[in-house]
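Student: Sequence:
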Amino acid sequence: MSTKITTIIASVIETTTATWFDLHDFRTHVLWALIVGVVLAFILGFAMGANDVSNAFGTSAGSGVLSLRQVYILATIFETLGAILVGYNVTDTMRKNVVDVALYNNTPKVLFVGQTAILGVASWFISPVLSGIMSGIIFIIVDFAVLRRNNPFKCGLRAFPCFYWCCIAFNCFAVTYQGSKLLHLRSLPLWGSFVLSIGLATVIALGLHFIAVPRIKTNIEKKVQKEPVPVYDEICVRKMSFGENRPTLTDIVDEPDNKESGKPNRQKVWMISEQQLSYPVTPSLSTMSVLSESKITLASENRFKRFFKWFLPNRTRQDDLKTMKVFTSLQTFTACFAGFAHGANDVSNSIAPLTALLSIYGDGDVMQTGETPIYVLIFGVVSICIGLVVLGKRVIKTVGTKMSTVNPASGFTIEFGAAVTALLASKAGLPISTTHSLVGSVVVVGCIKSGNGIDWTIFRNIVISWLITLPVSGLATAGLTCLFKLAV
1 MSTKITTIIA
11 SVIETTTATW
21 FDLHDFRTHV
31 LWALIVGVVL
41 AFILGFAMGA
51 NDVSNAFGTS
61 AGSGVLSLRQ
71 VYILATIFET
81 LGAILVGYNV
91 TDTMRKNVVD
101 VALYNNTPKV
111 LFVGQTAILG
121 VASWFISPVL
131 SGIMSGIIFI
141 IVDFAVLRRN
151 NPFKCGLRAF
161 PCFYWCCIAF
171 NCFAVTYQGS
181 KLLHLRSLPL
191 WGSFVLSIGL
201 ATVIALGLHF
211 IAVPRIKTNI
221 EKKVQKEPVP
231 VYDEICVRKM
241 SFGENRPTLT
251 DIVDEPDNKE
261 SGKPNRQKVW
271 MISEQQLSYP
281 VTPSLSTMSV
291 LSESKITLAS
301 ENRFKRFFKW
311 FLPNRTRQDD
321 LKTMKVFTSL
331 QTFTACFAGF
341 AHGANDVSNS
351 IAPLTALLSI
361 YGDGDVMQTG
371 ETPIYVLIFG
381 VVSICIGLVV
391 LGKRVIKTVG
401 TKMSTVNPAS
411 GFTIEFGAAV
421 TALLASKAGL
431 PISTTHSLVG
441 SVVVVGCIKS
451 GNGIDWTIFR
461 NIVISWLITL
471 PVSGLATAGL
481 TCLFKLAV
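So the sequence shown is numbered by my numbering: it starts at 1 and just counts up by one.
By construction, these hints were calculated from the structure, which means they are not laboratory data. Treat the hints with care, since some could be wrong.
Unchecked claim - Straight line, CA to CA, 30 Å or less: simulated DSSO-like cross-link-like pairs of lysine-lysine:
(1) Lys393 - Lys322
(2) Lys223 - Lys427
(3) Lys154 - Lys309
(4) Lys322 - Lys427
(5) Lys154 - Lys222
(6) Lys154 - Lys217
(7) Lys309 - Lys223
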C-alpha cells in the first residue's frame with residue numbers, strides 16, 4: 001500500500017516538475033515576443049488615440065462646444081469607463097473567437113507570435129453605412145421635433161430631458177445587461193437591467209426637466225441679449241430702366257462692401273423702375289397632344305418632390321441661435337457617450353492581442369480561459385490618451401471642420417448615432433472602427449442637412465485609406481508571423 005502511494009506521489013512530482021520545466025522553457029523562448037508585444041500594443045494604442053479618439057470628439061470640438069483641453073479630460077475619463085465596463089466582450093472576441101485557438105494546442109508558439117504580428121499592423125474595417133443611417137434618422141427626428149417648429153427654442157427645451165433619457169437608458173442597459181464579471185454584473189437578470197436603466201434615466205430626466213431646464217433657459221436668454229446683433233439702418237439701391245441698353249450681370253462690377261458702415265455694395269443691388277420692352281411668346285409645338293401623356297408623369301414627379309421637400313430639412317433655413325445653445329449642452333453629453341462607446345470597442349481592439357500574449361505566456365495554454373485583467377485595459381487607455389494629446393489635434397480639425405460644417409444640433413445626432421452603433425457592436429462582441437462610424441455619420445447628416453456641404457475630396461481620401469487597410473494589414477501580419485516563427 002505504501003509502495004503504491006509512494007509511486008503515485010513520485011509520478012505527480014515528476015509530472016509537475018516536467019510541466020514546470022516545459023513552461024519555463026516556453027517562457028524563456030517567447031519572452032522577447034512578449035516584450036515586443038507590449039511595445040507594439042502601446043504604439044497601436046497611441047495611433048488609435050491620435051486617430052480614432054480624435055474622430056469621436058472631433059464634431060464637438062468642430063462645432064465649438066468643447067475646447068481641446070476639455071476633449072482631453074473627457075476622453076481620458078470616459079475611454080477608461082467604457083473599456084472597463086463594456087470592453088471585455090470585444091477583447092474576448094478578438095483574442096479567442098476570430099481565430100480557432102484549438103488548432104494551436106500543440107503549437108502555442110505559433111499563436112503567440114501571430115498575436116504579436118497582429119499588434120504590428122492591426123486595423124479594423126467595417127462599413128460605416130449603419131452608423132450613417134442611424135445618425136440620419138436621429139437628425140430627421142430632431143428636425144421634426146425641434147428645428148422646423150415655429151418656436152424651436154421652446155421645443156428644444158421640452159425635448160432636452162427626453163434626449164438625455166434615451167442616452168442614459170441605453171448606456172445603463174449596455175453596462176448592466178450581461179455586464180463585466182470583474183464587477184459582478186453578469187448575474188443581473190434581464191428584467192433587472194431594464195428596471196435599473198429605465199428607473200435611473202427617468203429620475204435624471206425629471207431632475208433635468210424641473211431643475212436644469214429653467215436655468216438653461218434663463219442663461220441662454222441672458223447670453224443672447226448680451227450678444228450684439230448687426231442692424232443695417234439703410235440699404236442703398238440704384239434705380240435703372242429696363243431698356244435695351246441695360247447692363248447684364250457680367251457687366252456689374254463686384255466691389256467690396258463698406259465694412260465700416262455695414263452697408264452693402266451699391267452696384268450689387270438693382271431695382272427695375274420701368275419696363276419698356278415686351279416680347280411675344282411663340283409656341284414651339286403646333287399640337288398639345290403630348291401633354292396628355294406627360295401630365296400623369298409630371299404630377300407624380302411633383303408629388304414625390306413635394307414629399308421629399310417636406311420630409312427633408314430645409315437647407316436654406318437659418319437655425320435659431322438660442323436653439324443651438326440648447327444643443328450645446330446635449331452635445332457635451334453625447335461627446336462623453338461617444339468616448340465611452342469608443343473605449344468599449346476600440347480600446348479592446350488595441351489590447352486584445354496583448355491580453356492573449358499575457359495569457360499564453362502565463363500558463364502556456366492557447367485556450368485563454370481567464371478574464372481580461374483591468375490593468376491591461378488601463379494600459380490601453382493610457383496609450384490611447386497619450387496619442388490623442390500628442391497628435392490628435394489635426395484629426396479633430398479634419399472631422400470637425402474640414403469635411404463638413406457641423407453645428408451643435410447636427411453634432412449631437414452624429415455622435416449619438418455613432419455611439420449607439422459602436423456600443424451595440426461592443427455588446428455583441430464585434431470589433432468595429434469608431435472612426436469609420438463617425439465619418440459615415442458626418443457624411444450622411446451633412447448630405448441631409450446641407451446637400452453639398454461635404455468635402456468629397458477629403459472623404460475620397462478617407463475611403464481610399466479604408467480600402468488599403470485590409471490587404472496591407474493582412475499581408476504585413478502574415479509576413480511578420482513568418483519572420484517571428486524563425487526566431488522561436
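Student: It remains to establish, for every hint, whether it holds in the given structure.
Tutor: Hint-by-hint comparison with the structure:
1. Lys393 - Lys322: Given pair Lys393, Lys322 holds - Cα atoms ~29 Å apart, limit 30 Å.
2. Lys223 - Lys427: Distance of about 41 Å is beyond 30 Å: violated.
3. Lys154 - Lys309: holds (24 Å)
4. Lys322 - Lys427: violated (37 Å)
5. Lys154 - Lys222: holds (15 Å)
6. Lys154 - Lys217: holds (9 Å)
7. Lys309 - Lys223: violated (34 Å)
When the structure is compared with the earlier hints, violations turn up for hints 2, 4, 7 and for no others.
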